Structures are given as C-alpha cells and as structure tokens.
Amino acid sequence: NAGVTQTPKFQVLKTGQSMTLQCAQDMNHEYMSWYRQDPGMGLRLIHYSVGAGITDQGEVPNGYNVSRSTTEDFPLRLLSAAPSQTSVYFCASSSLTSGRAYEQFFGPGTRLTVL
Amino acid sequence: ILNVEQSPQSLHVQEGDSTNFTCSFPSSNFYALHWYRWETAKSPEALFVMTLNGDEKKKGRISATLNTKEGYSYLYIKGSQPEDSATYLCALNFGNEKLTFGTGTRLTIIP
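If you read the protein sequences in the order shown, they are chains A and B.
Its first residue numbered 389, the first sequence is counted upward by one per residue in this note's numbering.
Its first residue numbered 650, the second sequence is counted upward by one per residue in this note's numbering.
Among the clues, some could well be false.
Stated by the list, open to error - Pairs of lysine to any residue, SDA-like flavour, derived with a Cα cap of 20 Å:
1. A/K397 / A/P496
2. B/K727 / B/D704
3. B/K747 / A/R488
4. B/K691 / A/G428
5. B/K706 / A/A489
6. B/K747 / A/M407
7. B/K691 / A/P496
8. B/K747 / B/A695
9. B/K747 / A/A412
10. B/K718 / B/S676
11. B/K747 / A/N450
12. B/K747 / A/G446
No lab work stands behind these hints, which were simulated from the structure alone.
All figures in this text were calculated on a predicted structure; none of them were measured in a lab.
Next up, chain A with everything else stripped away, as it sits in the complex (with noise of 0.2 Å):
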C-alpha cells in the first residue's frame, strides 16, 4: 500500500494563479482532510470529506474548493493564490469503521511558496 499520496512536493505561485494540490490514498477510507501547517499555528483543517460526493468547510477554508468524486482521491484547489497561502499543506485519511477512532494518516506534504 501507498497509503496517502500527495502532488507536488513543491511548488512556487505567483499571486493571482490557480492550482491544484492532489491527494491519493489507497486504504479505502472514507474520511479524507486537507490541513494547512504554519509557525506557531499548529494544523488547521480547511476542507474536510466522509464520503464520496460530500465534502464540508473545516476552521480556514476561504480561498480553497475541494470536490471528492471518488473514494481515493481528494484533490484542493486553490482559486486565487495569495501571499497568505504561504504554507505547508497536508493531506490525510482515516477509517470511519475500523474502530481506531479516527487516527488520521497522513501524506508527505506539499510546500507552498506564493510570491
């Protein structure tokens, strides 16, 4: 198993572009998140999905879409880019069912740099 994917490690914006982080994850989880990592901030969930087809805003999600058509793949779109998007992006999955309640696992990050 890859467990979770992330796509690209990283990557350099100018303000004002659009992107798409990916996300991958092959534990059939039915729970997927996105968080962001900042200095002094801790992890905070922007965007979160506990199914296909559902997808729900976390503590920071001005400024991101995420759409969850599979069960795999979670991918964030930033729509707009800012300077204040700076940050480093994680990913992560869990099982709704296994009984673990909820440990989360996560993916290898993506650094984001928006000049």
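Assemble the complex: chain A is given as a structure, and chain B must be docked to it using the hints.
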C-alpha cells in the same frame, strides 16, 4: 472553538534523561485523544489513540496516560535518545470524526 493546549512549547533534554509533557483539553464532548510524532521534513505519525478515562498506552520507552474528567493527557519518554527529537502533537475528537490539534511540543535531545 474547542482549544487543545500543549505545554511546554519546546523542551531540551539531555540524552538518557526522562521527560514528560502535557496536553490539556475541555472535557465536554470528549471522544478520543491522539498523540502524533512529527519529525522534521516528514509527516505526522500516530503514536497512540486513547478513548477511556484512566487509559494508559505504551510503545517501547514512550507511554501516555489519559484523564478525561480533568481534561489532560501526559506523554512520557524514558531514557531519551537522539532519535526521540521531534514535535509531539496532541489531537482530539470532540464527538465527531474531525481532529482538533494542539500546537505541539518540540523536543530536542542533546547528545
């Protein structure tokens, strides 16, 4: 917003010494507490998941305890080694599948 607080923010410990740090949380709506280990340039990895008051978990030299009534968990590391250097994250499920993370305790082991 339900706050998860970790202390201290950072810690330097001599190799071979034992150490511990704290995660505090509001006890209402508690469902589960998670400890993650996060090494620099890697992604967080789960250490423990605890759900019951009085729960204790152990993995090698690392152990954790949980007190849901008073809203805290302790993580202990016995006989610290350089490979223990990492940020230790605490996260909670408050009645649903979403995790709320603390800001972490950054542990540095001094050889």
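CA of B/K727 to CA of B/D704, is that 20 Å or under? holds (18 Å)
Hinted pair B/K691 and A/G428, Cα distance within 20 Å: holds (17 Å)
Given the hint that B/K747 pairs with A/G446, does the C-alpha gap stay at or below 20 Å? With a Cα-Cα distance of about 9 Å, the restraint between B/K747 and A/G446 holds, given a limit of 20 Å.
Proposed proximity, A/M407 with B/K747 (alpha carbon, max 20 Å): violated (26 Å)
Has the given pair, B/K706 with A/A489, been kept, meaning a C-alpha gap of at most 20 Å? holds (15 Å)
For the pair supplied as a hint, B/K747 and A/N450, is the alpha-carbon distance within the 20 Å limit? holds (18 Å)
Holds or violated: B/K747 with A/A412, Cα cutoff 20 Å? Judged against 20 Å, a Cα distance of about 19 Å means the pair holds.
Keeping to a limit of 20 Å between CA atoms, is the pair of B/K718 and B/S676 held or broken? holds (6 Å)
Holds or violated: A/K397 with A/P496, Cα cutoff 20 Å? Between A/K397 and A/P496 the Cα gap is close to 8 Å, so the pair holds against 20 Å.
Just to be careful, I want the Cα atoms of B/K691 and A/P496 compared with a cutoff of 20 Å; is the pair within it? Distance of about 6 Å is within 20 Å: holds.
For the pair supplied as a hint, B/K747 and B/A695, confirm whether the alpha-carbon distance does not exceed 20 Å. This hinted pair holds, its Cα atoms lying about 15 Å apart.
Hint consistency between B/K747 and A/R488 [alpha-carbon to alpha-carbon, up to 20 Å]: Holds. B/K747 to A/R488 sits at ~13 Å (cutoff 20 Å).
Figure legend: structure checked against the earlier numbered hints; the only hint not met is number 6.
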